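Engineer: Sequence:
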Amino acid sequence: MGYTLKDICFSYENRVIFSGISLEMETGGFHGVLGPNGSGKTTLLDLLTGHLKPENGNILLDGRRLDGFDAGELAKKCALVPQDFRVNFPFTVAQVVMMGRYPHLGRFSAPGAKDRELVAQAMAATGISDFSGRHVTELSGGERQRVVFARALAQDAACLILDEATSNLDIGHTLALMTLAADRVKNNGLTVISVMQDLNLAARFCRSLVFLKNGRVAAHGPVDEVFTASVIKEVFDVSSSVYFDEIIHCKQVTIL
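Residue numbering for the sequence shown follows the working numbering, beginning at 1 and increasing consecutively.
I should point out that these hints are in silico values taken from the structure, not numbers from a laboratory.
From a predicted model like this one, the values you see are computed outputs, not experimental measurements.
Glycine is no exception: its CB is placed at the ideal position from the N, C-alpha and C atoms.
Errors might be hidden in some of the hints.
[Unchecked claim] Pair ranges (Cβ atoms, derived):
#, residue 1, residue 2, range
1, Pro90, Lys6, 42 to 52 Å
2, Leu256, Arg116, 20 to 30 Å
3, Arg134, Cys9, 11 to 21 Å
4, Leu256, Gln95, 44 to 54 Å
[Unchecked claim] With a Cα cut of at most 25 Å, we get these calculated SDA-like pairs of lysine to any residue:
#, residue 1, residue 2
5, Lys233, Glu246
6, Lys6, Ser239
7, Lys213, Lys77
8, Lys76, Gln95
9, Lys251, Ser239
10, Lys77, Asn37
11, Lys53, Gln95
12, Lys251, Gly28
13, Lys6, Ala219
14, Lys77, Asp67
15, Lys213, Lys76
16, Lys6, Lys213
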């Protein structure tokens, strides 16, 4: 489930966010999106999910214009894990995860055996089965984040879009969910597009990185090519030392 962006322009009132950016993120990759605050990371995800419309240019999803999909079609293809999930009604955890199946259900149709199985699998994979009957209004921020992650997995879409999806999680659950996503990229051909703040986490799990700055693509390519001290200096204006970590077998960075 790959994306192609062609000459995308977008503004909020008088503030230009993107002015003619082009980008391609292929199917079956783990793509990290990095950049300082205000660089357009979340706006990019909102464009990819159809929540925002570009003023000019085209966004293609598997070669088809994104604006040609209706909401139901797009929900079957792309699942979003937002940075912050809040709900005021006391749904149970299982009910919230089941919401991921709604795009696949007919109007007025009740969930079937397959839906219940996928929900159970998603809760098991994210480690929330033990509190499936609790109300989401009673959960901590980290617990809610795992619930919404499970909801996205239950949606069974070909593309998983993560907007700082681990920002409320401790390191153990962060590594568990990122490993879960990476395994599905490797074994199931899932496409993951993830906005991230942690440079080392991005270098560890992503196959390719998109660096944004001031609404432009500052660098884009495989981790080994673009995860460099010079790119980090250009994008974040900090000095760093990039090295290959022999223990986890990937590039990492120390900020100087």
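Engineer: Against each hint, give a clear statement of whether it holds in the structure.
Structural biologist: Quick rundown of the hints versus the structure:
1. Pro90 with Lys6: 42 to 52 Å: 45 Å, holds
2. Leu256 with Arg116: 20 to 30 Å: About 52 Å separates the Cβ atoms of leucine 256 and arginine 116, which means 20 to 30 Å is violated.
3. Arg134 with Cys9: 11 to 21 Å: 45 Å, violated
4. Leu256 with Gln95: 44 to 54 Å: 48 Å, holds
5. Lys233 with Glu246: Roughly 24 Å separates the two Cα atoms, so the pair holds.
6. Lys6 with Ser239: 32 Å, violated
7. Lys213 with Lys77: This hinted pair is violated, its Cα atoms lying about 28 Å apart.
8. Lys76 with Gln95: 19 Å, holds
9. Lys251 with Ser239: 16 Å, holds
10. Lys77 with Asn37: Between lysine 77 and asparagine 37 the Cα gap is close to 28 Å, so the pair fails against 25 Å, i.e. violated.
11. Lys53 with Gln95: 31 Å, violated
12. Lys251 with Gly28: 21 Å, holds
13. Lys6 with Ala219: Holds, because 16 Å separates the two Cα atoms, which is no more than 25 Å.
14. Lys77 with Asp67: Cα-Cα ~14 Å, so holds.
15. Lys213 with Lys76: Not OK: lysine 213 and lysine 76 at ~31 Å, beyond 25 Å, violated.
16. Lys6 with Lys213: 18 Å, holds
Hints 2, 3, 6, 7, 10, 11 and 15, counting from the list given before, are not met by this structure.
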